[in-house]
Structures are given as C-alpha cells and as structure tokens.
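Make the full structure from the sequences, and use the hints.
Number of protein chains: 6
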Amino acid sequence: MRVVVCIGGSVLAPDLDPRRVEAHGEVIEGLAAEGCSVAAVVGGGGVARDYIGTARELGANEVQLDRIGIDVTRINARLLIAALGADADPKVAQDYEDAGDALRRGDVSVMGGVMPGQTTDAVAAALAEYVGADLLVYATSVDGVYSADPDADADAEKYGRLTPAELVDVIAPMSRGAGASAPVDLLAAKLIERSGMRTIVLDGTDPDRIGTAVRRGDHGGTDVVP
Amino acid sequence: MRVVVCIGGSVLAPDLDPRRVEAHGEVIEGLAAEGCSVAAVVGGGGVARDYIGTARELGANEVQLDRIGIDVTRINARLLIAALGADADPKVAQDYEDAGDALRRGDVSVMGGVMPGQTTDAVAAALAEYVGADLLVYATSVDGVYSADPDADADAEKYGRLTPAELVDVIAPMSRGAGASAPVDLLAAKLIERSGMRTIVLDGTDPDRIGTAVRRGDHGGTDVVP
Amino acid sequence: MRVVVCIGGSVLAPDLDPRRVEAHGEVIEGLAAEGCSVAAVVGGGGVARDYIGTARELGANEVQLDRIGIDVTRINARLLIAALGADADPKVAQDYEDAGDALRRGDVSVMGGVMPGQTTDAVAAALAEYVGADLLVYATSVDGVYSADPDADADAEKYGRLTPAELVDVIAPMSRGAGASAPVDLLAAKLIERSGMRTIVLDGTDPDRIGTAVRRGDHGGTDVVP
Amino acid sequence: MRVVVCIGGSVLAPDLDPRRVEAHGEVIEGLAAEGCSVAAVVGGGGVARDYIGTARELGANEVQLDRIGIDVTRINARLLIAALGADADPKVAQDYEDAGDALRRGDVSVMGGVMPGQTTDAVAAALAEYVGADLLVYATSVDGVYSADPDADADAEKYGRLTPAELVDVIAPMSRGAGASAPVDLLAAKLIERSGMRTIVLDGTDPDRIGTAVRRGDHGGTDVVP
Amino acid sequence: MRVVVCIGGSVLAPDLDPRRVEAHGEVIEGLAAEGCSVAAVVGGGGVARDYIGTARELGANEVQLDRIGIDVTRINARLLIAALGADADPKVAQDYEDAGDALRRGDVSVMGGVMPGQTTDAVAAALAEYVGADLLVYATSVDGVYSADPDADADAEKYGRLTPAELVDVIAPMSRGAGASAPVDLLAAKLIERSGMRTIVLDGTDPDRIGTAVRRGDHGGTDVVP
Amino acid sequence: MRVVVCIGGSVLAPDLDPRRVEAHGEVIEGLAAEGCSVAAVVGGGGVARDYIGTARELGANEVQLDRIGIDVTRINARLLIAALGADADPKVAQDYEDAGDALRRGDVSVMGGVMPGQTTDAVAAALAEYVGADLLVYATSVDGVYSADPDADADAEKYGRLTPAELVDVIAPMSRGAGASAPVDLLAAKLIERSGMRTIVLDGTDPDRIGTAVRRGDHGGTDVVP
Ligand SMILES: Nc1ncnc2c1ncn2[C@@H]1O[C@H](COP(=O)(O)OP(=O)(O)OP(=O)(O)O)[C@@H](O)[C@H]1O
Ligand SMILES: Nc1ncnc2c1ncn2[C@@H]1O[C@H](COP(=O)(O)OP(=O)(O)OP(=O)(O)O)[C@@H](O)[C@H]1O
Ligand SMILES: Nc1ncnc2c1ncn2[C@@H]1O[C@H](COP(=O)(O)OP(=O)(O)OP(=O)(O)O)[C@@H](O)[C@H]1O
Ligand SMILES: Nc1ncnc2c1ncn2[C@@H]1O[C@H](COP(=O)(O)OP(=O)(O)OP(=O)(O)O)[C@@H](O)[C@H]1O
Ligand SMILES: Nc1ncnc2c1ncn2[C@@H]1O[C@H](COP(=O)(O)OP(=O)(O)OP(=O)(O)O)[C@@H](O)[C@H]1O
Ligand SMILES: [Co+2]
Ligand SMILES: [Co+2]
Ligand SMILES: [Co+2]
Ligand SMILES: [Co+2]
Ligand SMILES: [Co+2]
Ligand SMILES: [Co+2]
Ligand SMILES: [Mg+2]
Ligand SMILES: [Mg+2]
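Residue numbers (the working numbering), protein chains in the order written: chain A, 1 to 226; chain B, 1 to 226; chain C, 1 to 226; chain D, 1 to 226; chain E, 1 to 226; chain F, 1 to 226.
Careful, some of the hints might be misleading.
[What the hints assert, rightly or not] With a cut-off of at most 27 Å between alpha-carbon atoms, the simulated BS3-like pairs for lysine-lysine come out as follows:
(1) K91/D / K91/B
(2) K91/F / K91/C
(3) K91/D / K91/E
(4) K91/B / K91/C
(5) K91/D / K91/A
(6) K158/E / K91/B
(7) K91/A / K91/C
(8) K91/F / K91/E
(9) K158/F / K91/A
[Unchecked claim] Computed beta-carbon distance windows for the label pairs:
(10) P14/A / E34/D: 42 to 48 Å
(11) G30/B / E157/A: 55 to 61 Å
(12) R19/C / D98/F: 39 to 45 Å
(13) G106/C / G85/A: 23 to 29 Å
(14) G85/C / Q94/F: 54 to 60 Å
(15) K158/D / Q94/F: 40 to 46 Å
(16) P14/A / D98/F: 31 to 37 Å
(17) S181/B / P14/A: 38 to 44 Å
(18) P14/A / D50/C: 53 to 59 Å
[What the hints assert, rightly or not] Computed list of chain E residues with no C-beta within reach of chain D, every gap over 12 Å:
(19) A86
(20) L135
(21) V225
Hint data in this document are derived by calculation from the structure and do not stem from the laboratory.
Ideal Cβ positions, reconstructed from N, Cα and C, are used throughout, including at glycine.
Encoded structure:
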C-alpha cells in the first residue's frame, strides 16, 4: 500500500516540541515497517505565519511571502526527517520527481512546499497522484470537513463521507475572502477530484489516528471516496 | 508602466506560423521602445494538447502530463524570444525571480509554465503580482469573458467590466467537469482577486489589440478592475 | 548484456501515435525482462523540424535552434518513459552520469539531446561508451547504411558489414553541404571509431527488429564490427 | 567605499519585529544612497536556536543542525531583502560569486549561511575578502570584544583596538567547550587575519551605529586594524 | 566589434607561468578598452594531458576523460579571469547562454569546455555563432593551417587564406587515427562552415598577435573567409 | 563498520602516478569487499599548489584561490573513482548529502573540497560526523601528529595517542602564520572535538597502512580517542 500523508505545520510542530515530531515519526516508521510506502508533506504552522506576518509588514509581495512559507515547511520537513532516521531519504524532496525517486528506492520521502501559489495541501494531492498513492491523508487541526467553520459556527456538522465532487462543492465557498481557511484548500480539492484519489481528513493532533486510518480505515474524520 | 502579457499557445503559434509569432514580438518591442517594462507568459497550444493526448493514452499521470505541457510552453517561449531578438533576455525564465531579474536589468522577460498543477494563466497572475505590474493582459482565443462558453451557448453575453471578485464568481462554475475550459482559469482568477491586479481579457488572435489595450485601454474585451 | 538504443524521433513518434511509442516500449521492456540493461536515446523527429523551421525564420541562431531541438527530444523521451512505466527511471537523464546512475540501479534510462552541437546520434555513441555497452543500435528510418542516399540514388547499395573506420569513410562525404543527412552522423561515427563500439544500423519503423537484433544479431541492416 | 555588514540574527530579528528589520534596512539604504557598495550577511538568531534544539533532541547530527541553521539565516535574509525593496538583489545570494555579481550590478546583496561547518561570522569574513571590501562590520549583541565574556565576568574589559593577530589570540581560548560563544568566531577571526581586513565589532541593537561606524569610524565598539 | 578568442591551453599556460597568462589578459583588456566585446574559450594544455593519461591507465572511459579535460580547462579559465580582474565576469561561463549573458552586460566572458565529445575548439566555434561574433580567432601553438602537420612534414605549406569549406577539406583527413592533432578540430571546422564565420588561425605563443589580428587583420596566420 | 578516509593530494597523486592511485583504490576496494562502508575525501596536492601560486601572482583573492583548489581536489577525486571502478559512485559527491546518499546505496563515495574557507581536512571531519562514521583516517605525508613540525624541529616527538581536546591544543599554535601547515588543520580538529570522532593520523605514502589501521587499529601513527 502507498500513502501520502499531509501533516499541517501546526499539527507537526505547534511549538517545536520534539516529542510531537517524534510521535509523528513513529507512526510513519510503523507503517513503513509493515511494508507501506509512505511520503509525507509537511506544512508551515506558526513559525511560517509569524515570518509571513513580519515580511508582509515590510512590504513583501505574495510570491515572496509564499517563498518564506515554503522555506519554513522545508525546515519542518528536516525535523520529521531527523525523527525518522534511517527510514527516510535524508534530503527534503524538492519536487514530485525527487519524492517519487525516494519511494522507488524504498525510502520514506518528506517534502514541504514547492512553488509560490500552491499550498502544501495542493502539493500533497499532486504528489499522491504522481506516485500513484492508494490513499491520501490530511492530518490537520480539525477532526474532519464540516458544513461550516466549526470554530465560528456552533451548528456546523461534520461530514462522515463525501465524494471528491462534493468536497469541492463544500470547500469552494470557504475559500473566498481574506483570512479564509479550510481543512483542505480549493486547489487541493480540485486535484483530488481530477485524480479521483481516496482521501481522509482527520484530527492530526493525535498522530496515532493516522496509523489507524491507514490500517483499518477507522479515524473519526471525513472520508472522501470517489 | 509595467505589463505582464499572457499569450495563449493557440494564439501565439496555432500552426507554428512565424508571421504570427513575429507580430506578437513586434507589439512587445513597440511597448518596450516606449519605455514599458514587459514580461510575457506563453501557453502551450495545440502541440501541448497533442503531446498530452498521446502521453495520457500511454498511461502518464496528471503531473507527468503537466510536465510535458510545461516543456512545450517553454519551447513556445523560445520562439517569442527569437522574434524579440536583442530586446529579450535570451533565457526562458524558469521562475518568478528569474523573470524579475530580467526586468530589473531592462530586458523583456519571457517564460512558460513553472510547476505541475499551475497553468500559464496562474503563472501570469503570480508573476504580475511578483513584479508589481500595473496591468495584466490575457491574450486568448476569445474576445473576453462571457456569461457562458460562447462556443456552446449562443446566448452567452460578454462582460465589459468585472471586479476581481465577480471574475472569480463567473469562472468558478466553468472550471468543473472534464474538459472544462475558460478564458482565465480559477487559480489565476483567485490570484487576481488576492492581489487586486488590474486585468484585461482580450482577443489575442489580433496581436495589435494588446498594444492598444496597454496604451489606451481600448481593446474590445473584458476589463477586470478592482 | 548492456545495450544503448538510439531511436530517431520520426521512428518513435512520426505523428505522435501512442501505439508506435507503445510498441517501442514493449521491445525495451522485453529486453529488460530478460536481464538486459537498456538505455534509450530519443531523437526529435517532425515536431523538432517544424519548430526549428519556424525559429530559423524568426532569426534564431544555430545554437538556439539546437536548444529547441533538445527540448523536443526530451519531450519525446517523456513519451517513451510513460510507455515504459515502472521499468524506467521516471526522470529524463540530463547527461551521461544521470543515465549511468539509472542503469546502475537497474532502471531503463531514457534521454534526449544534451548540448548544442551534438546530435542525439552522437549522444548515443558517447553514452554507449560511457556505460560500457556491448552493443549500440541505431533504429532509424532507413534499413542500413548505403553507399549513397537511397532516396536520391537508385544505385545506392546497402552495406551488410563495415568496420568503424569504414563507417567514418562512408559517412564523411555525406555530411557535407546544406541539408545533408545520413543514417548516423559524422561525430557519432567518429565516436564509434574512437571506442570501437559494436553497432547496428537498422530500420526502426518496425520496433521488433530492435529486439531481434539484440537477441540474435539478425536485423536486415548494417553491422559495424570493430 | 565597499562594506560587508554581518548582522547577528538576534540583532536583526530578536522577535521578528518588523520595525527592527526596517531600521537595519534604512541604515543600509542610507549608505547605498551615498554611493557605498554594501553586502549584508545575516545570522540565525533565536528561531535558529529553537529549531536546532528540537532537531538535536530528535537525533539530528551536527551537519544537519547546521543545515537547519543555514535555512533560517536565509529566511532572515529574505526579511532584510523585503525591507530594502528596490535597492537589493531580490534573491538571497547562495555563495560568494552570487553576492559579488549583485554588487557588480550595483545592488545591495544579502546572504545567510553557506555550508555546514561555517558560521555566518566566517561567511562575512570570506565575503569581505572576496569582494575586496574596505571594511567589515560585525553588528552583534555586545558592544565590542572583551577580555572575557562580559555576561559572565564583571571584570571583563572592552578592547578599543586590536590587530587581527591579537583578535585571533583573544578569540581562540573563547572558542573551546560546549556552548562557547564569542562576538566573532575563530574561523572568522582567522580569515580576518589572513586577509588583513579592517573590521569593527559593535553593538548592533542600535542599527544607527552601523551607519556612523562606516561614515565616521565612530562606533563605541572594537576596531580591528591590521 | 565582437570577437571570440580560443586560446589553447598549451598557449595560455604551458607551465603555469603567470606572466604568460598576464600577457593574454592584457591583450583582451586592450581590446575591451577600445569597445570590443570579447569572449575567450580556454583549452586544457599539458595539465589536462597529464591527468588524462593517468586516468586512462586507471581505466577511465573516454567520456570520463573528457570530463577531466573540461575541469582542467575551467581551472585555466579561472587563471585568465584572475588576470582580467574587473573587466571579466568572475564566473566561468558554464554554457553559451551564460557567456552571452555576460557579454550583454558588457563583461568579458571566459569559458572552458562544456560537454564530453566537444573540444574547446568546437565550443569556441559554437559560441562565436551564438553571440553573433564578427570574428573568431584561434590562438594556437602553430602559426596557421598547413597542408600537412608541419612538425612531421618539412614540405608542409601554410595556407594564407581558405574558405570555410576548404578548411573542412584540409582538416578532415588530419582528424583520423589515434593521436591525430590539428590546429582546429573537425567539428569546429564544420561549425565554422555552417555559420560562415570569419576565422583566423594564428600563433598564440605571442599574445600580441591576437590584438593585431583583431585590429588590423594582420597576423601572419591563416585567414578563413567565407 | 563505516570509515571516512581523508587522503592528502600529495599522498594520492604526488606526480599523477597511476600506480599510486591504483594502490589507494585497492585498499578501499578491499575494505568494501569486507563489508566496510567507505567514503574518501581527496586533497589537492602539488597541482593545486602550483595553480594557486600562479593565480595568487595574477591577483586572485583567497576565495578564488580556494575555488581553484577545490576544482583540483575534484579532479583528483575522479582519478580515485576511475581506480575504484564499479565499487564507487561515478559522480564526485558535491556535498555531504550526496556522499551520504551514495553510502546508503552501498557505493563507495569520493569527494574533494566543498566551499572556500574549508580544507579537505575539515570536509572529512564534517563528513565523518554526517554519515555517522566509526572511524576517520587521515592518510597524510607525515606518520602522525608531532609536538612540533618534524621537518623543522629534530626534537619533535610523535604522539601515540591524544584526546580530541588535546589534538586541538596541539594543532592550534601550529595554525598561525603564513605558510603554516599541520597534519590536520584547526577547523578539522575542532570538528573532531565537537563530534568526539575516533580518528587516526597515519603515513599515507604507504596505502596499506590505511587498511591495517581500519582492520586492526595497527598503523604506527597517532590515535585520537575521545
Ligand atoms: N468547513 C470546515 N470544516 C473544517 N474546518 C474548517 C472549516 N472551515 C474552516 N475550517 C478551519 O480550517 C482550519 C484547518 O486547519 P489549518 O489549515 O489552519 O491547520 P493545519 O493544516 O493543520 O496546519 P498548517 O498551518 O500547516 O496549514 C481549522 O482552523 C478550521 O477551523
Ligand atoms: N464564459 C466564457 N467566456 C469566454 N470563453 C469561454 C467561456 N467559457 C469557456 N470559454 C472558452 O475558453 C477558451 C479560452 O481559450 P483557450 O484557453 O483554449 O486558449 P488559449 O488560452 O488562447 O491558449 P492555451 O492553449 O495556451 O490555453 C475558449 O475556447 C472559449 O470558448
Ligand atoms: N570576550 C567576549 N567579548 C564579547 N562578547 C563575548 C565575549 N565572550 C563571549 N561573548 C558573548 O558573545 C555573544 C555574541 O553574540 P551572539 O553571537 O550570541 O549573537 P549575534 O551574533 O548577534 O546573533 P546570532 O545569533 O546570529 O549569532 C554575546 O552573548 C557575548 O556575551
Ligand atoms: N596541417 C596542420 N597545420 C597546422 N598544424 C597542424 C597540422 N596538422 C597537425 N598540426 C598540429 O596541430 C597542433 C595544434 O596545437 P594544439 O592543439 O596541440 O595546441 P593548442 O590548441 O594550442 O592547446 P590545447 O592543448 O589546449 O589544444 C600542432 O601541434 C601542430 O603540429
Ligand atoms: N606537529 C606536526 N606534526 C606532524 N606534521 C606536522 C606538524 N607540524 C607541521 N607538520 C607538517 O604537516 C604536513 C602535513 O602534510 P600536508 O598537509 O602538506 O600534505 P597532505 O595532507 O598529505 O596533502 P594535501 O596537499 O592534500 O594537504 C607535513 O609537511 C608536516 O611536516
Ligand atoms: Co492545512
Ligand atoms: Co488559456
Ligand atoms: Co537520425
Ligand atoms: Co554571532
Ligand atoms: Co587546439
Ligand atoms: Co593536509
Ligand atoms: Mg492551513
Ligand atoms: Mg589541442
């Protein structure tokens, strides 16, 4: 089985706590030990947001801000690589080909962002398609896709199951307006739709859920099933 | 004044006719001669579509298809660079920083696609933001943004003027379903919205319209005004 | 056994027909399945010629034309990689070291042109030498080396067997004058002479001949035997 | 006049405060406006230390820790580039040649770390030599070189003036033992000695001191005069 | 006027004597001071031959030997760059585009070899074409093109003037057999024929001849005139 | 067992004698055949010194001189790679990650210098740490670390055993002053101290000592034991 796991920066390293990174590493090592081929895409989290905030005040444009965000995701990727030790390709994959190469050699591959204009959510969806993954997991800071932002709307209901097309329909209106956020961004949702990739969105603050989701499909989040 | 022009591959080189490429080059040379700083982003057109069709039948995945498309856009960029001669940076810019560098040195910069998952439409929007363009022009195969695909719907009406947010609203429903096409794709529209970039969508089969649009804002297409 | 196959662009993808590319891929897969180590060098064909013709009219110089040709050969290489699927290194080798690396790991390696001033014929000859090939096969649009251009001279006779030095002597006069063409170009012939590489020139429009030539040395073309 | 300024990460962005970065940018812009050719080398500061601490606990080795540190210095460099706007080369220089190139074109160049095993202190000293600087300024968190660590030893006395050889003699014993720190590290001091570069170590928490030091040689720190 | 000068390694640095390199640098500086745009391509000379001899005995193949030769030419290029100081692009150009870029910015550009299979003679001919040179000068260890190797044949006669086609005819037979040498190699001669480049072959052991040849066309060597 | 061997240029190829390089290759092949994972770092030797001397007279600065030195070390690395044949990664590793990659795949990896400001001695120490070596061997032109330069001081005594901290103490005073030389340079010694790496300094003019030292710890040089 081949899995791409997208781990939000705020989920991997909310405060650079090594035990959290270690826990994520252990889940991936466990999957690899069972013969699963795993690639991880790591987000930027709070450090990225802080740097981007400062750079924006200094007059950086959006492409420059994205570059800073990408740099931070790649440092976060180095943390996960350190936690994975001998199982992982020691280089942060710079593009899909690098990551595919590492998987072909039997390594776990870890990457961050790639190019301005694409979030790590979208990178994970494109990578899943590129390496022919059986499953794409978003380990994020909410426990699934809701009908509305659960932080803002107490009546928001979690979807247990969506088709990729429904995912796009749910996400599309969320991705308008400044500061909009969503558990998976619109470009990612559209790439999932394009490839018909089986996808799970789950609460990544408990890394063990990732392992359970891959092994038994049991995760308490949202299943996106083509 | 600084302008980014996105020239569709089917508009630049529908059948690799050098006179068409030459005509586009002359418009850009004219603008440069008047002191305008110009970057061009070139699409893939029919050659890209043919190669992608073949590769898809051979089992290539979407990321690989995008790579082929990007390669073709960069060859098209070389044609435009040849037409521009001494005015242009002789290298195809590989990313936004390369293009920005060339503009800072006073050259016209030409680029194609950049990364899988992003069309040249989106590249042009990101580049316009990165280089602080005053205007972004899409020279495409229709003469503006319509309420529906004018090829399919005889009642489609052309918009004379839209806000970036309205552009996103018009484009969003067009970008669903296989084979969907639009004069500007959704990621591009969202980048235009993010940056509040002044944008024109016009009929690029007559290259002179590009010059007129830049100089006098007179173009017969759709104005996107923040 | 280790083989380098040089497949002319017009032989691999005369009209971008996927079945033709597929057929070439199957021959290579068959050889690889028998334990043969295979590298392929792919030419530019008609698409390269069309682009080069247009670029020349636009005033591009010979180095720029070569660059365009190289880009097209690399797209053609992507087609063959797609056809080969899991057997091939998914990256187009950019130089001899890349290709050698892929062969060492047990992959089929595919490359196109490398640098202006060198045709893919010469690249194949240099690659064969670099990877210590036992055999170099030119799958081209004629069925061997003739005493004169068989298209132009009805009395041209096909050589069944030549030494590398004789190959150079036959090729040298053919490579003078505008529009000159030869089944293997002069630089390639000289590299074959330098390395004393066993070489076959055969009709590549029937891909099966390549397999037969490698397995049984039976091919209906010209044998170059040091 | 040509100056290389090494700005400690903790001095440039102790808490990612944009005003502090802005203030440093203004000093450099002021010097550039007066015709001074300026390159800046930026350190890692607290963010680097935090990441390195986490990675060390995860089992990363020293080279990997250095890589993380380098990545952070380059993000800090992006902040300073954003503050400098049009005066600076928008790319973070990756090596001495890149930085030299930018200075030759009249840009301010900003770089961070370069390779594991070399601090930004040493990078600045090597860069100063490479670009033929007239002056090298270390803007750090102490106001000069003391006879002992002023944080630990109340009797430490500040040197007003040292020769490069004396600088090495003072620094050498400081650079032993875990957690050792010094206002300029030993490799840097030895590079200063090798090139005989005029150098000033000053309190960088007040960016204006940098400008004063360059213009009038008045800075309240330590002068290293060959 | 734009000139490409190809300086044989044995002519530039027969024994690494700095005065010889300095003398070549002064000729180029003189031309540049008169407004001439100059690119130099430097050969490998004795150091290259020594290393290649050793590597051949160790079993390196021809491509690996060429790589070693290229590395040496690039070190020789660094010597000439050091001699040229501020006039030259401090980076050794790695390909034609790099060299063209440097000339466009008004720098002297220096390069060595580029790819296995191409000598620096051929690189110079391709570069001359790429940058649109008015003149290509080969500064070599003989004082022109002879009817036979003057070292071996006392009756060899120097040609005062040849057409490019005649040059190819003279060179072709010289370039057969092991250890063959010629003042300009066959691939270079064919590139000169292809581009119709005006070319001079002269005695480079006296660097001043290069300056005289460029300024007055007076050089005592062989003129190749299309 | 994993070993990094640093072979001085003057020890590997004092006069480019292939037998000497071959002898070094055989020692490494022997170790690899016994299952030892080996990386070699190769110095510059006499060729580097000659080129650097010439470039210094031509006015090159220290960074440029280091670049020349690095280029020569990499050519020397190619010689050793040729000698090693199929056991070695055919590419010269350009950084620690490349070398680590090759070792992970089971290849012998060979590298030279990396960046200006770091000798190959320091590169070897950093590489040993990066790849988690069990042992670092300096094969140099003296048979160990002495209390003073044995060439200059007849009373110099060889140390049989030192701690890393003692090594730094012994080396530090040697590394002052122009033309200073030491069997291991100061930056390397400090990296050895940082990592607590077991290290042997031995007479590399007899390559067999390297094999004996690795296998039996018997070498007649100096042991550095943490
Ligand atoms: N309909 C919705 N369903 C679920 N979450 C939603 C919805 N709309 C908005 N959200 C918000 O999306 C956010 C998803 O987490 P977020 O992307 O910020 O973190 P992450 O992906 O773990 O890390 P990173 O910082 O790397 O992106 C949550 O804050 C959640 O409140
Ligand atoms: N609402 C709409 N308004 C305008 N055009 C539309 C609309 N919906 C669909 N289209 C279609 O969008 C297409 C825009 O052109 P297209 O993107 O194919 O070519 P291009 O951008 O010039 O070249 P390239 O092949 O490089 O993309 C037209 O075919 C047009 O029919
Ligand atoms: N003899 C000394 N003279 C001056 N400072 C000393 C001495 N010995 C130790 N130090 C310490 O050196 C440190 C220099 O600052 P430090 O290198 O930590 O910050 P920085 O260079 O500004 O930022 P960065 O984190 O990027 O290196 C101070 O903490 C100071 O106490
Ligand atoms: N017909 C000929 N006319 C002139 N020279 C000839 C001829 N045939 C052979 N040669 C030989 O060609 C050689 C040209 O010099 P050579 O290429 O060795 O040195 P170079 O180009 O200056 O330096 P490098 O070592 O970089 O190539 C001379 O040794 C000369 O004897
Ligand atoms: N205390 C000392 N103990 C041992 N050797 C010393 C000492 N002090 C100085 N040396 C000198 O250090 C030198 C070590 O050799 P050196 O570094 O020149 O060559 P290498 O490392 O083999 O090759 P490379 O030229 O690549 O560096 C010897 O010349 C030796 O005389
Ligand atoms: Co997210
Ligand atoms: Co389009
Ligand atoms: Co052919
Ligand atoms: Co510091
Ligand atoms: Co020559
Ligand atoms: Co040494
Ligand atoms: Mg997020
Ligand atoms: Mg020669």
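So which of those numbered hints doesn't the model satisfy?
-> 6, 9, 14 and 19
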